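Chemist: Reminder that position 10 of the sequence shown reads as 10 in the numbering used here, one-by-one numbering, no gaps.
To be clear, the hints were calculated from the coordinates, so they are not data collected in a lab. What you are looking at is a predicted structure, and each value in this text was computed from that prediction instead of being measured. Where is the CB? At the ideal position from N, CA and C, for every residue including glycine. Hints should not be assumed to be uniformly reliable.
Said to hold, decoys possible - Pairwise CB distance ranges (calculated):
#: 1; residue 1: T247; residue 2: L346; range: 46 to 54 Å
#: 2; residue 1: Y224; residue 2: M43; range: 36 to 44 Å
#: 3; residue 1: E185; residue 2: N232; range: 31 to 39 Å
#: 4; residue 1: E348; residue 2: S42; range: 30 to 38 Å
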Amino acid sequence: MNLLLTPFLWFKREFIPFRTLDRYLFLDFFKTFLGTLIMLTSMIVIYKFTDVMKYLVSSKVNQTHVYLHVLYSLPSMVDQVVAPALMFSVCFVIGQFSVNKELVAMMVAGVSFIRIITPILLFGIAMWLIMTLFGQTVVIPANKKAQIEFSIMAKGSNRLIDFVYQLHIKGKKGFYYVYWIDEKENTVKGGFNYIEIKPDGHPTYTVSSQKAKFIPSPHSWVLYDAEEVRFNENLELVSRIKYPEKTYDFPEDLAYFSKPIRNPEEMNFFELADEIESRITKGIPFRNVIIQQHMAFAMPLMAFVVVTLGALAGAITKRSAGVASLGLTIAVVLLYYILNSTAKTLAENGALPIWIGMWMTPVIFTSAAYFLYRRMNI
């Protein structure tokens with residue numbers, strides 16, 4: 001029991017109340033972090049506005065949708081710049097303390113380097129958890145709304161979006177092959193084909209038509225110029241009948257075809273689990289959905305990784321802290337994203353197991369931080 005309480009007792013002894021040294025270092029870091037976060041986010045907002053400016057001119061819909069799209073994209077922008085802001089801030093502050101010899105004075109006073117940066121490391125762990133929760137509860141719902149606003153903007157500019165053409169997909173009881181979907185009219189045009197399959201794999205009947213309209217209430221499909229072909233257990237033709245119009249009770253609705261593959265990046269962890277089951281039913285590959293489940297926790301871990309590397313890199317800074325911090329931030333963040341993107345691609349293509357692909361980059365950078373610390377004489 002005492003062993004379990006040891007970390008908590010140590011934390012209480014060291015940080016409650018917050019020491020002057022901790023306040024001095026942490027508040028300096030936190031103010032730099034907030035300023036950097038606001039500056040980087042503002043730069044992305046400006047870029048976003050310039051990117052969607054064409055819709056303010058060409059779109060026939062209310063221009064409010066353009067501003068709402070940028071507003072709903074804001075949480076995603078913050079999520080993107082948290083890691084670079086953390087890396088720059090901790091590297092800059094620790095580097096400034098190192099250049100001004102304040103770091104040396106603290107260690108001469110008997111405070112170890114690890115103890116000096118512990119508040120920042122704890123903040124990095126907290127940011128990992130916060131950004132994981134923030135991504136699941138704020139970023140993903142906001143991204144969905146941003147995509148809806150973008151669709152309205154794009155359609156108002158006469159651009160094709162959410163367009164489905166010639167889709168072959170598995171349903172609960174059979175297989176569909178549909179052509180063009182007109183969501184405004186709840187209709188499939190150009191061709192609607194269906195084959196019902198028994199549990200033993202034998203076909204029951206097939207039906208094809210030029211147009212099919214979905215009726216939400218009661219749930220049904222009306223097929224026009226339909227031809228129905230039925231088979232017996234020996235796969236022999238039983239009947240072939242043409243109908244000018246006939247109603248069927250297919251279990252799927254129009255949304256099943258209009259959005260057969262949802263974007264995993266727009267789903268939270270629980271929705272990803274449901275999407276895996278849905279794709280299994282539809283016969284659609286779902287490896288990228290499993291990868292996104294890992295990404296939900298692995299990517300926010302970057303917050304802790306860059307804080308650790310930034311603190312160590314700042315400690316050995318001998319030149320201007322600002323220039324060194326900027327260069328190190330760009331190099332580390334860029335390398336992290338390149339390695340992570342490469343590992344993700346390899347995992348999606350099956351060249352790497354998903355676990356290895358998604359956790360390889362954090363492990364490599366954490367190991368590099370530990371190796372750097374062991375080599376440092378602090």
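Chemist: A separate judgement is required for each hint: does it hold in the structure or not?
Modeler: Here is what the structure says about each hint:
Distance hint check: the CB atoms of T247 and L346 are about 49 Å apart, consistent with the given range 46 to 54 Å. Taking 36 to 44 Å as the suggested C-beta distance range, the pair Y224 and M43 does not conform, at roughly 54 Å. Checked against the hint of 31 to 39 Å, the C-beta distance between E185 and N232 comes to roughly 37 Å, which is consistent with it. Between E348 and S42, the C-beta spacing of about 33 Å keeps the proposed range 30 to 38 Å intact.
Hint compliance for this structure: hint 2 alone is broken.
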